[in-house]
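*Asks:* Note that the protein sequences, when read in sequence, are chains A and B.
Position 80 of the first sequence, counting from 1, maps to 79 under numbering that gives the first Met the number 0, and the rest follow consecutively.
Position 28 of the second sequence, counting from 1, maps to 27 under numbering that gives the first Met the number 0, and the rest follow consecutively.
Honestly, the hints are just simulated from the structure, not real lab data.
Fair warning: there could be bad hints in the mix.
If chains are identical, the list can't say which one is meant, so a pair holds when it fits in one copy or spans any two.
Here are the simulated DSS-like pairs of lysine-lysine, each with C-alpha atoms no more than 27 Å apart in a straight line [unchecked claim]: (1) Lys-72 <-> Lys-123; (2) Lys-90 <-> Lys-72; (3) Lys-72 <-> Lys-1; (4) Lys-68 <-> Lys-90; (5) Lys-68 <-> Lys-1; (6) Lys-35 <-> Lys-90; (7) Lys-123 <-> Lys-35; (8) Lys-1 <-> Lys-75; (9) Lys-123 <-> Lys-68; (10) Lys-123 <-> Lys-75; (11) Lys-90 <-> Lys-123; (12) Lys-1 <-> Lys-90.
There are 2 protein chains.
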Amino acid sequence: MKLGRLNHVGVATPDVDAAAAVYAELYGATERTETKDFPHLGVRVVFVTLPNMQIELIEPLGEASPIHKYLEKNPKGGQHHMCFEVEDIVKARDAMIERGATVLGTGEPYIGAHGVPVIFVHPKDTGGVLVELMQDPALYQGEAGQ
Amino acid sequence: MKLGRLNHVGVATPDVDAAAAVYAELYGATERTETKDFPHLGVRVVFVTLPNMQIELIEPLGEASPIHKYLEKNPKGGQHHMCFEVEDIVKARDAMIERGATVLGTGEPYIGAHGVPVIFVHPKDTGGVLVELMQDPALYQGEAGQ
Numbered sequence: 000m001k002l003g004r005l006n007h008v009g010v011a012t013p014d015v016d017a018a019a020a021v022y023a024e025l026y027g028a029t030e031r032t033e034t035k036d037f038p039h040l041g042v043r044v045v046f047v048t049l050p051n052m053q054i055e056l057i058e059p060l061g062e063a064s065p066i067h068k069y070l071e072k073n074p075k076g077g078q079h080h081m082c083f084e085v086e087d088i089v090k091a092r093d094a095m096i097e098r099g100a101t102v103l104g105t106g107e108p109y110i111g112a113h114g115v116p117v118i119f120v121h122p123k124d125t126g127g128v129l130v131e132l133m134q135d136p137a138l139y140q141g142e143a144g145q
Numbered sequence: 000m001k002l003g004r005l006n007h008v009g010v011a012t013p014d015v016d017a018a019a020a021v022y023a024e025l026y027g028a029t030e031r032t033e034t035k036d037f038p039h040l041g042v043r044v045v046f047v048t049l050p051n052m053q054i055e056l057i058e059p060l061g062e063a064s065p066i067h068k069y070l071e072k073n074p075k076g077g078q079h080h081m082c083f084e085v086e087d088i089v090k091a092r093d094a095m096i097e098r099g100a101t102v103l104g105t106g107e108p109y110i111g112a113h114g115v116p117v118i119f120v121h122p123k124d125t126g127g128v129l130v131e132l133m134q135d136p137a138l139y140q141g142e143a144g145q
């Protein structure tokens, strides 16, 4: 198990469209995806694309959203997680458990906002940083390939 | 003024060497720089190198370190800033001011841990995210070129 490239930094915000406007108007980072809701994940998402990675802007969607707690502590928003690509998400999950880390949720990889399986590792394992591991999309063959 | 590539994510930690060991042992991210002290910046730094960017691990150095306040709020550490490359740091600074953002410190670019001039933009301007702008090292000609 070895970290690949940083796919994105997740940034929590009360309003993804207002946040995307800041990256566009203040910083000239105008390349962005459409606003998309993921009700089963409890988030509304916009990706701002930079030359070597994306910023994932994340707004809470629904009562059970995992972003509410973060925004309670940080009402203006802030850096929420870092997401790295791995060659094999199942092997990466197994390695995390074997090495004593805590995988959030059921521990089973699930399909994230990029359409590939992901897991999250508890911030206590990485010095307060919430780490997302994401199946490298270039190596993903869909459910049948898992 | 347009953001270029993400150069690094800054991660505050009480101990850069312990943090670097976590990235190596838990995640297999073994490529790192030597530990280096920057007394005039108030930080001790290790860079962990990933395929498309670096993680800048930052430990407070001295009483006046800008990292103390962050660690008071987040004793285990966490994500502290994102640093993006720009083609011309002076023009970028001017654009930030013109667009109503707050540049920290004196407002003058100064040499950061990478040996090129940087500025920091106040988190209030970017939805709670502290943004560092960094002269693209490939386009930097030293003090004489500024």
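*Asks:* None of the hints should be skipped; say for each whether it holds.
*Replies:* These are the hints, each one checked on the structure:
no. : hint               : result
1   : Lys-72 <-> Lys-123 : both (17 Å within a copy, 15 Å between copies)
2   : Lys-90 <-> Lys-72  : neither (34 Å within a copy, 35 Å between copies)
3   : Lys-72 <-> Lys-1   : neither (32 Å within a copy, 31 Å between copies)
4   : Lys-68 <-> Lys-90  : neither (30 Å within a copy, 38 Å between copies)
5   : Lys-68 <-> Lys-1   : neither (30 Å within a copy, 32 Å between copies)
6   : Lys-35 <-> Lys-90  : neither (30 Å within a copy, 34 Å between copies)
7   : Lys-123 <-> Lys-35 : between (30 Å within a copy, 25 Å between copies)
8   : Lys-1 <-> Lys-75   : between (34 Å within a copy, 23 Å between copies)
9   : Lys-123 <-> Lys-68 : both (16 Å within a copy, 20 Å between copies)
10  : Lys-123 <-> Lys-75 : both (23 Å within a copy, 8 Å between copies)
11  : Lys-90 <-> Lys-123 : within (21 Å within a copy, 40 Å between copies)
12  : Lys-1 <-> Lys-90   : within (10 Å within a copy, 39 Å between copies)
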